[in-house]
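If you read the sequences in order, they're chains H and W.
Read in order, the letters of the first sequence correspond to residues 1 to 297 in full-length UniProt numbering.
Read in order, the letters of the second sequence correspond to residues 1 to 307 in full-length UniProt numbering.
Hints in this document: simulated from the structure, not taken from any laboratory.
The beta carbon of each residue, even a glycine, is placed where N, CA and C say it ideally should be.
Some clues are possibly wrong.
[Stated by the list, open to error] Where chain W lies over chain H, by a calculated footprint (3+ residues, C-beta under 8 Å):
#, stretch
1, 76 to 88
2, 102 to 113
3, 166 to 179
4, 229 to 236
So the chains spell out like this:
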Amino acid sequence: MSSPVARASRPGRRRRSPTAPPRTFRWTRRIFLTALTGFVLLPVYVMLSSSLKPLEDVSGAFRWLPSELTVRPYLDIWHTVPLARYFLNSLIVAGSATVCSVLVAVFAAYAVSRYHFRGKRIFTVTVLSTQMFPGILFLLPLFLLYVNIGNTTGVALYGSRGGLVLTYLTFSLPFSIWMLTGYFASVPRELDEAAYVDGCGPLGALFRVVVPAALPGIIAVAVYAFMTAWGEVLFASVMTNDTTRTLSVGLQGYATQNDVYWNQVMAASLVVSVPVVAGFLLLQRNLVAGLTAGAVK
Amino acid sequence: MRGRTRLRRVGLPYLLLLPALLLELLVHLVPMVIGIVMSFKELTQLQIAHWGAAPWKALGNYRVTVDFDAPAGATLLHSFAVTCAFSVLTVGLCWVLGTAAAIFLQENFRGRGLLRALFLTPYALPVYAAVITWAFLFQRDNGLVNHVLHDQLGLTGDRPFWLLGDNSFVALLVVSVWKTWPFAFLVVMAALQSIPKDLYEAAALDGAGIVRQIRRITLPSLRPINQVLLLVLFLWSFNDFNTPYVLFGKAAPEAADLLSIHIYQSSFVTWNFGTGSAMSVLLLLFLLVVTAGYLLATSRGRKSADV
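Same shape as in the complex, but just chain W:
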């Protein structure tokens, strides 16, 4: 009897974790291993049915991928630069908008609840519905953006294309910020609720104005959550597939060719599964390095701030 309860106590946590473990194994870990193996193989649509038996290519796929003088490598490098610029801008803008909105809505006033619900709407909308609507807004001939800029304000000489050419980067950024900033707002709003009110009252009685209160109390209190928030936002935008895919389709214009869509295209459109896998592995390695470096830097900062 005693032994049985002991066994149950030791075994129970593992039993409780078992479903989660099995699922993670099936959908994340095993596929990851397969992906890494595939990146070392010669894989086109001919071999894909028997991918296990496909010829070994060692580092061949990687060599093609990172040969930046050849066309394949050059486009990958370009796509990488586009993705970095896109992510940094998205994260920055989302953070600024989200934090400002959360601070402005911190204090109670009429219509606050309504605004809060309204601001969360872009986050709640299904991505494809929201992005399709933006695609309509950005249509050259029948979209709202050109109607306002060209017909009503006369700012542009001719109706520009927004989903082709260089403008596509701007379009992608606008859509991405529109649908992501509410998440920053939500998180910052939640964090603001844990700041004690009397801190502000004490500061105000000491004569600190609103700007100083924000700089000295609000922003420093947000630091720990900002570290997580910025990392999550960065990873999301860096890996984002949905937005460019719905906005542009299977092949994005060069100026907005994010890595995820670039890899999708080389895997499922031009059928180079081997190089596609090599690219995803490189992307993963890059993200791991960036995340580890970021976590290390922020935790060191936190420690020195404590001292």
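In isolation and in its complexed conformation, chain H is listed as follows:
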């Protein structure tokens, strides 16, 4: 009388459809997911609760609950270290790296997905393989290169935000090109041709047809680029100075020789995390869709 699908959706203890999971499976799932949630949330809880504690609470034995709730750490973080400046630096660096990286990747992916040309294979293989190289391999040479460019041309790359932007935008580039190529390939060529008929050139077709059609993929790539730049530590620790320091290095400033202001560290960590986590969670569906179209094939 009723189809298996209709029966599966009916709750309760009645006979379940063959596709509905059995009881043991549901219990395993419940236990597994609860444990995993605990593991995932533990540091998040500590971050949040410790950021609302007075210093005594985080210096002595650990307490699950604050002895008194205080927002002082959130006020103090801005004075203990110049957090606002680091924040601004990170925003400038990660923002510029994201915009440039997406733009460069869009052009490159368009070329790879739409044209046949000599050296295409070499290009994709080279770009992809740079992703597997250890960052430490580039660190010192890049540092020397930037210093030398500065000495000979006067363009200050070492210690500047520009140098960092340049470095970061190549970090996300291989992945972005790879993913966007897959995404662009899924946009039917008939659309390009229709644009040509309407009088667009190749760039017109790219920006009026392909880019809008591949927008979820582009958003996913932008999120990835931003997160990569916002979270990078190695190059930021070597390539910045007092004025250009980013959050990833600046947060170490809450540890003085005698004391670590753990409540402030936690408050600052939370403050610098909120923008990325919020953005990521808002756009995560795009990331899954982008991975499905671009990479999972």
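Starting from the known structure of chain H, arrange chain W on it as the hints suggest.
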């Protein structure tokens, strides 16, 4: 006119690639060449300002690096073993957690969307913020881990150190798995969406239970993506610098001395840039060999599976 459009058609792809090419050249390829040249030179902090003119050392740096009887080589070998163990464990645990979570969240139930967002949070958090928090959890006197293990459960005799000594390997592994497994989850979840639903329905009608469905449908469908996923996870964990650096600082404890931090230390702390470069080149060669072998093995497997 005709010639011009022809030229544009032939030249356009290169023009579009030009920015990407220039950037790759400046930030990856040229530095790589410099790095390789440096590994053949005598480079300490004295020569570094004029590194181009530094004395040639031929294979000297490599000889020092791979002389496993001498202290420098012995610590490198140890660090290599630590890194291998760390990577294999990280990849394995991340894959198991990510795949299990993705399978459990495949079917719709109440709270699924929330859990999905929650599970992705460690991946979204900036690495340093997450790892600093873990460093706090692992503090000996005021951290949560010792509070639970020692004060509340009484499992440990004395409050152990987690960021010093042998325990540091465990601490590093936990942090690394915590922040990496969501990526495996994300990728597997995306891959699961492309498996047709009627496959499961047909299997269920044939009497296959959930375990058999997972073994016969889900896991085989994941094979192609697993090959890429495992390789990416391996390369990431093998090259990871951020986690040990934020957790331990510039010098990691011996038990958790990953190669990247080991090389960083020999380059920027003890100022042996030449041997540091030689180590990075060796690391690169190792990764190239492993990757090539892996790709070859998996593509051969794929071909034989097709036949």
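Right, here's what the structure says about each hint:
With 0 residues having a Cβ less than 8 Å from any Cβ of chain W, the stretch 76 to 88 of chain H misses the three-residue criterion, and the hint is violated. With 8 residues carrying a beta carbon less than 8 Å from a beta carbon of chain W, the stretch 102 to 113 of chain H meets the three-residue requirement, and the given coverage holds. For the stretch 166 to 179 of chain H, the assignment as covered by chain W holds, since 6 residues bring a beta-carbon within under 8 Å of that chain's beta-carbons and 3 suffice. With a cut-off of 8 Å between beta carbons, the stretch 229 to 236 of chain H has 5 residues touching chain W; three or more are needed, and the interface restraint holds.
Checked against the numbered hints given earlier, the structure breaks only hint 1 and satisfies all the rest.
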